[in-house]
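J.: Top line first, the protein sequences correspond to chains A and B. Going by numbering that gives the first Met the number 0, the first residue of the first sequence is number 0, and it counts up by one from there. Going by numbering that gives the first Met the number 0, the first residue of the second sequence is number 0, and it counts up by one from there.
Hints in this document: simulated from the structure, not taken from any laboratory. Keep in mind it's a predicted model, so treat the numbers as computed, not measured. Any given hint might turn out to be false.
[Stated by the list, open to error] Some chain A residues near chain B, calculated using beta-carbon distances under 8 Å: (1) 30; (2) 53; (3) 57; (4) 60; (5) 62; (6) 79; (7) 84; (8) 92; (9) 94; (10) 103.
In this text, a Cβ means the ideal position worked out from N, Cα and C, and glycines have one as well.
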Amino acid sequence: MSQPIIKIDNMNKWFGDFQVLKDINLEVEKNKKIVVCGPSGSGKSTLIRCINRLEEHQKGTIVVDGNELSENTKNIEAIRAEVGMVFQQFNLFPHLSILDNCTLAPIWVKKMPKKKAEELALDQLKKVQIDDQAHKFPGQLSGGQQQRCAIARALCMEPKIMLFDEPTSALDPEMIKEVLDAMVTLAKAGMTMIVVTHEMGFAKEVADEVIFMDEGMIVERAETKEFFANPKSDRTKLFLSQIL
Amino acid sequence: MISKNFTTNLYLGSFLILISLIDVTLNSFFKLNFTNFLPGSISFFLPLILGTIGLYLIRSDYTGLKQLDILNKNVNTSNFNAVLTLLIIFLIIKAIPPSMSWMILDANISGDSREACTGTGACWTYIKVWFKRFMYGMYPNELHWRINAAFILVIVLGMAGLLATEKLKKYLALYYVIIYPIIAFLIIYYLISGGAFGLEWVETGAWGGLSLTFIVSFFCLIFCFPLGMIFALGRRSSLPTVRYISIGYIEFWRGVPLITVLFMSSVMFPMFLPEDFFMDKLVRVIIAITLFEAAYCAEVIRGGLQALPRGQYDAAKSLGMGYWKMHIFVILPQALKLVIPGIANTFLALVKDTPLIFVVGLAEIAGMLALAKTNPEWLGFAMEGYIFASIIFWIICYAMSKYSYNLEAKYKTER
Chain A
0 MSQPIIKIDN MNKWFGDFQV LKDINLEVEK NKKIVVCGPS GSGKSTLIRC INRLEEHQKG
60 TIVVDGNELS ENTKNIEAIR AEVGMVFQQF NLFPHLSILD NCTLAPIWVK KMPKKKAEEL
120 ALDQLKKVQI DDQAHKFPGQ LSGGQQQRCA IARALCMEPK IMLFDEPTSA LDPEMIKEVL
180 DAMVTLAKAG MTMIVVTHEM GFAKEVADEV IFMDEGMIVE RAETKEFFAN PKSDRTKLFL
240 SQIL
Chain B
0 MISKNFTTNL YLGSFLILIS LIDVTLNSFF KLNFTNFLPG SISFFLPLIL GTIGLYLIRS
60 DYTGLKQLDI LNKNVNTSNF NAVLTLLIIF LIIKAIPPSM SWMILDANIS GDSREACTGT
120 GACWTYIKVW FKRFMYGMYP NELHWRINAA FILVIVLGMA GLLATEKLKK YLALYYVIIY
180 PIIAFLIIYY LISGGAFGLE WVETGAWGGL SLTFIVSFFC LIFCFPLGMI FALGRRSSLP
240 TVRYISIGYI EFWRGVPLIT VLFMSSVMFP MFLPEDFFMD KLVRVIIAIT LFEAAYCAEV
300 IRGGLQALPR GQYDAAKSLG MGYWKMHIFV ILPQALKLVI PGIANTFLAL VKDTPLIFVV
360 GLAEIAGMLA LAKTNPEWLG FAMEGYIFAS IIFWIICYAM SKYSYNLEAK YKTER
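Could you build the full structure based on these sequences and the hints that come with them?
T.: Here it is as structure tokens:
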């Protein structure tokens, strides 16, 4: 077994008095694809937002690629540069063109020369098949195109890990497929991915493991086939019977 | 569709409205009253009564006649609205002849002394004679070219940004926020003040008129904006010290009237300074107004910052951007675009607040008017002066608001 790239130990998080995450223990190895599912409000999004410290945890440790997440901001910025994230609402920068969205961080965070950054961005945009839209603004694109651009933008930082926070939940049904296709391609290329999603088809196709969360706890974690074939806890069974 | 009955109503109604308008117009322009065979009060109210009946007759839900439908839908919706509409129209018709005769027909502009003003109308001669004073204050006549030259230089340098090539574009913000204000200050200081390069020294007390309005507004505008931005960010900072200092600053300056701030700056402030330390009165006033307006700017900008969805912050952070990179490249460009109308509002208010510097003895255009109207040779022309100043201020402010609309349109990219 190789060294885990993400190691979460006994992590707890509260929003005020409300405990959102309870004693989370999770190890993710390099190149593994993990799907996190569960009912809404179960803490899935909060969990992956803790991994790049968009949320702060109060107890326990999170180690990403050998760096522990702490108050040290330099450290956090370095970790965030290595961890790409795709959001439910795309969160593209509306005042910048698609190309500028992709080159902004490589140029200013990684100090990449502009020319090189643009080549890289066009390359990534080509992989998600929107290189012909490079000079448009996000508002001119469809939801599916925007989400694919968001994936390309994250990939332009050449991250080691990609986090997906319900990437298809805000999309029209016919656009879901184009985004999932882009994610499948990425998974096949060997990226380490943690995906919060309700798309069980995607989970079956690419996930190595599936995690089921409820009420801030990891209820069940199993290999994908095992998870769908014979789930152990009753809560998981109930969830699967409703969603499938 | 139009019934036969309604067609009759339409003609009759239009006729009555026409009669009422003609009656008021004749009365207003030619002092004719063709209804004077009627008792006084009925004659007086007749146009209103006829017009209201006329509007009542032509009122209908849908006629298919485009103009008539627009009229019925927007102004002629009820008897009350019809009366109000007629009253406003009559008032305008009544107001035209006296104002026209005062401003143009009976007005004087020739000559260069008070005696030239013989008519009953406005005395524009007064404006003509005092024009240079209104523009340049007490600045010596033969040195006016220095003010003109300084302004032209400042404007040319301000437009230099438009020529910036793709390569220099990223330094544009730096240029406008730091370099340009300094250069502009030096130009204004050395050209208008003089005292160096063989130019005769002119003390700031002699500056005045419209040129002083421009100088004060210009420096206050370019300094208060970046300062406001800093306090807007400071108020949202997660560092308690920075946050409380910003809140304290904003609440202090928003809580005191500008006139007391100006007074303090000119009267009290020098007392607190060591004796050998001298700061020009004009500089003190500019600093005071800048600090004052920066607090308003800060709150306007903060409004823009709060309007941005949290996702924008998340996205910028997730790409590894730190606080400053995130704000410079992602947050501020969007927030500032949102607050263009609010900033324009603040800036217009600032320009119109500049006459207050009169209380510390600096006479910009409204101040020069106040001086001029007390000149014994030219008593009694305050009205002309204030109209003149209003027109000037209106032109400046209208140009600024037009410019802000242009900016809005220029930076409109999304949705």
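J.: Please go over all the hints and tell whether each is borne out by the structure.
T.: Right, here's what the structure says about each hint:
1. 30: 21 Å, violated
2. 53: 5 Å, holds
3. 57: Result: violated, 17 Å to nearest chain B Cβ.
4. 60: With Cβ-Cβ at 21 Å, over 8 Å, it is violated.
5. 62: 18 Å, violated
6. 79: 4 Å, holds
7. 84: Given a least distance of 4 Å, the restraint on residue 84 of chain A holds.
8. 92: With a minimum Cβ separation of about 6 Å from chain B (threshold 8 Å), the hint on residue 92 of chain A holds.
9. 94: Holds, about 5 Å.
10. 103: It holds, given that the least Cβ distance between residue 103 of chain A and chain B is near 6 Å, below 8 Å.
Violated hints for the displayed structure, listed by number in ascending order: 1, 3, 4, 5.
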